[in-house]
Amino acid sequence: EAGVAQSPRYKIIEKRQSVAFWCNPISGHATLYWYQQILGQGPKLLIQFQNNGVVDDSQLPKDRFSAERLKGVDSTLKIQPAKLEDSAVYLCASSLALGVTESSIQYFGAGTRLSVL
Amino acid sequence: LAKTTQPISMDSYEGQEVNITCSHNNIATNDYITWYQQFPSQGPRFIIQGYKTKVTNEVASLFIPADRKSSTLSLPRVSLSDTAVYYCLVGSDYKLSFGAGTTVTVRA
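Protein chains in written order, with my numbering: chain A, 1 to 117; chain B, 1 to 108.
The hints are simulated quantities; they were obtained by calculation from the structure and are not laboratory data. Every residue, glycine too, gets a C-beta built ideally from N, C-alpha and C. You may find that some hints are simply not true.
DSSO-like, lysine-lysine: derived pairs with alpha carbons at most 27 Å apart [said to hold, decoys possible]:
hint, chain 1, residue 1, chain 2, residue 2
1, B, 69, B, 3
2, A, 44, A, 78
3, A, 44, B, 3
4, A, 44, B, 69
5, A, 78, A, 15
6, B, 3, A, 62
7, A, 62, A, 11
8, A, 62, A, 83
9, A, 62, A, 44
Covered stretches of chain B (in silico footprint by chain A; criterion: 3 or more residues with CB under 8 Å from a CB of chain A, positions within the stretch not fixed) [stated by the list, open to error]:
hint, region
10, 32 to 44
11, 99 to 107
Just a few of them, taken from the derived set where beta-carbon distance is under 10 Å, the chain B residues facing chain A [to be verified]:
hint, residue
12, 49
13, 85
14, 87
Starting from the given sequences, assemble the full structure and let the hints guide the process.
Below, the structure is given as structure tokens:
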């Protein structure tokens, strides 16, 4: 079974530039998550989708971050414009469903490491 | 959302058992306890999940006392490849959050 795919693996940009990350979840998984992980910290949830609807985006800095999940499958996370403090690993995860049962176990991609100079 | 407290780091040696305790005093009735493992340059990986008593799978055991205010992840006979960060998550529905985790270092 294919895992969660993310691209690119690495990205280096200058501050005030724009960047986009792509995620393809495991086939059949209805729930998709985007996390930001700063070096030395645990992952921080940015946004969570159930199919193509947003379940939770309370920690998404909406003045510069946006995310979409068209057709309830692939998802894109965008930062525009980027700031130095956005340097982090951006992780995408998916799960079969919502709720904390076996079906809510999250499967993570390898992440995209973003460096903002 | 239940707050969790874990040790920042733990050291062990190959072949030993490692026990990581997570405190979650304000756990709610519907909350489950889930543990993830993360290696450098990788995303977290699910280890085990439980609600009460004891759960065991091929890689770990999870012990949850009757009051559910804490839980202990047990890794039997660790090897160098078990060196990683371990996260304890407590929640229900979709409200889960990762803390700083416990860095476990296994030495030869």
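#### Entry: Violations among the numbered hints
Checked against the structure, no hint fails, so every one of them is satisfied.
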